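2 protein chains.
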Amino acid sequence: MAATRILTDECIAGIVREVGLDAIMDEVIGCLADSFAEHEPDVVQTIARSGFRYIKPDLGLIEWMPAMVAGSKVAIKTVGYHPSNPVERNAPSVLAATALYDTADGRLLALCDASLLTAIRTGAASAVVTDVLAVDGPITLGMIGCGAQAVTQIHAVSRVRPIERVLAYDADDLVAATLGTRLAGAGLDIPLHIVDGAARVVADADVLCTATSVDPEAGPVFRDGPHRPGVHVNAVGADLPGKFELPRELLDRSVIVPDHREQCLAEGESQRLDSVAIGPDMCEVVRHRDRFVELRDRPTVFDSTGWALEDLVAADVALAHAERLGRGLSIDLQPHPRDPYNPYESLRS
Amino acid sequence: MAATRILTDECIAGIVREVGLDAIMDEVIGCLADSFAEHEPDVVQTIARSGFRYIKPDLGLIEWMPAMVAGSKVAIKTVGYHPSNPVERNAPSVLAATALYDTADGRLLALCDASLLTAIRTGAASAVVTDVLAVDGPITLGMIGCGAQAVTQIHAVSRVRPIERVLAYDADDLVAATLGTRLAGAGLDIPLHIVDGAARVVADADVLCTATSVDPEAGPVFRDGPHRPGVHVNAVGADLPGKFELPRELLDRSVIVPDHREQCLAEGESQRLDSVAIGPDMCEVVRHRDRFVELRDRPTVFDSTGWALEDLVAADVALAHAERLGRGLSIDLQPHPRDPYNPYESLRS
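As you go down the protein sequences, you meet chains A and B in turn.
If you read the first sequence in my numbering, its first letter stands for residue 1, the second for the next number, and so on.
If you read the second sequence in my numbering, its first letter stands for residue 1, the second for the next number, and so on.
Read the hints as simulated data drawn from the structure, not as lab findings.
Please read these numbers as outputs of a predicted model, since none were measured by experiment.
One should not assume that every hint holds.
All copies of an identical chain are treated as equivalent in the list; a pair is satisfied when it fits inside any one copy or across any two copies.
[Claimed, not checked] The calculated lysine-lysine pairs, modelled on BS3-like cross-linking and capped at a C-alpha distance of 27 Å, are: (1) Lys-73 x Lys-56; (2) Lys-73 x Lys-243; (3) Lys-56 x Lys-243.
Extracted from the complex, chain A is given alone in its bound form (with noise of 0.2 Å):
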């Protein structure tokens, strides 16, 4: 009977530094546009994600997402999300972790940190969108907010559209400050341009990214104003109940791609609006992309609150890779009892 894969942080590096970091990103890229466009919601079945929020010690929230694969595997990755994080404890902001269990025998196949698997899962899928919906390159990317999502969000959008720059700004100098480091080690060369002040990010941009750790009830981060016409928003910051991004009026003008309905309106950007006023899902548009790409012309928004299906595509992804480079841990964690009717069985020394 199998035992318990772990991939730890360090095993997941090693996985990305083998394959290739952006070959790993085109992967996730393409397993989640499948995905998505094959989603049959009988056959990989997901749960809205429920958890506790608090705010003490400081702000947080700790979550799980659960989805299945009917007739083969469960996976549910539990995430937290602690603003406070890189000020306080010199620690990432979101950290997680999946588990996949066997349908068959309820056993626990493998663990996973899935700290940097959100990080390029939650890039990956502004791609998919992105890709549908933004005018053709190259491309000006205006990114709001500096810190750790940016990272993966301007590598996996650079995946789908030549990038010309980056406009970047983010309300902490010290954080705009490092992301050209952060771009450089991650071998992505694009002219960056750190700015003063939303205005300009958003003035200018064809892909506009907010991701943010805004606190709730504090947002717009940005004002309207003058954009471009075509101008595609991924709306990506961590979300709760109260948190948003973007001005009510750029919503209101743009057509609205929730990855999740039900997440969305109760936690993203669409919980400020009506459920009629929000358009076709992020799966819909992947589906039917010859349909949507005439809207490229057009504002639209993609409000990624972050779906299970993502996390179960990301898992597999890395334990494939684990699987064929040999690479994790094995743990006998659970009982293989001679007895299955003896839960004392192991007792005997």
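Please arrange chain B on chain A, whose structure you already have, making use of the hints.
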């Protein structure tokens, strides 16, 4: 920054061997009784379990049971119930794992196999309620269902009442035939009589426990009939909508004590009852023990569906011993970057 502590089944078995099986059971019984008596829903928050249920490849479910100690940690037990496991896969029908997360930063603090812990805490919860509601000993304990849970149910009740004899029945003769060996292996020296029908078990039991894998809509597992006037019933069998073990008539003339009102109405014995027909819950009965011992000469039913708080307590007991004894693996599962804004930092080899 802390690594993730892993407690395998073998590690937990080692702790139980070192501490002693009776001592561990007594400790869990005591900790559960205290937790129930002192339970403040604002301090320890739980969310009703949710999960995936399916009939392919076989009837089964995978569910998650979350609890939070406000300002400290979140415990999520993921539990699988696959009644075909023992016969089809030589595996326990219940397999579980508990993950603990730090609410300060979202890190995964620990992952414990919870298969043995689930059996122990389920027995311990029965013992806590039995101790309040059952007649004084020595008692005859009736057991319907002789699988894995029977061992821990009998063991747990033996810690709160002297057991004169056990009368046991299982629809599967082969399972019943090995119960004596399993009890003896656990050091339980109690006269055991395997009888060839549920009726005799029911008629003579002072405390009756049902722990069966009866299919949904196939219950009850015994017919209503005469029983001891002060019988206390622990209705334990893993719960599903449509699954019930007790005859309706017995429920109607008993005081019903749910472990978790909402869950019991959804999937416990109480699903056939109107919510007003349900009595005080487990926490109330334990908190006001002096008031409820008066129920000892009346029929009482503990509707045990399993509660996330119990899993939190069981994991805490195991982890405290693991720490004291230096047991368990420490694994660097999650990232510890120098720059928390750089998800790709660890890709530099």
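Status of Lys-243 relative to Lys-73 across identical chains (alpha carbons, at most 27 Å): Cα proximity of Lys-73 and Lys-243: across copies only (24 Å, versus 33 Å in one copy).
Measure nothing new, just compare the shortest in-copy and cross-copy C-alpha distances for Lys-56 and Lys-243 to 27 Å and report within, between, both or neither. within (18 Å within a copy, 40 Å between copies)
Homomeric proximity label, Lys-73 with Lys-56: Cα distance no greater than 27 Å: between (35 Å within a copy, 11 Å between copies)
In the structure shown, no violation is registered for any of the earlier numbered hints.
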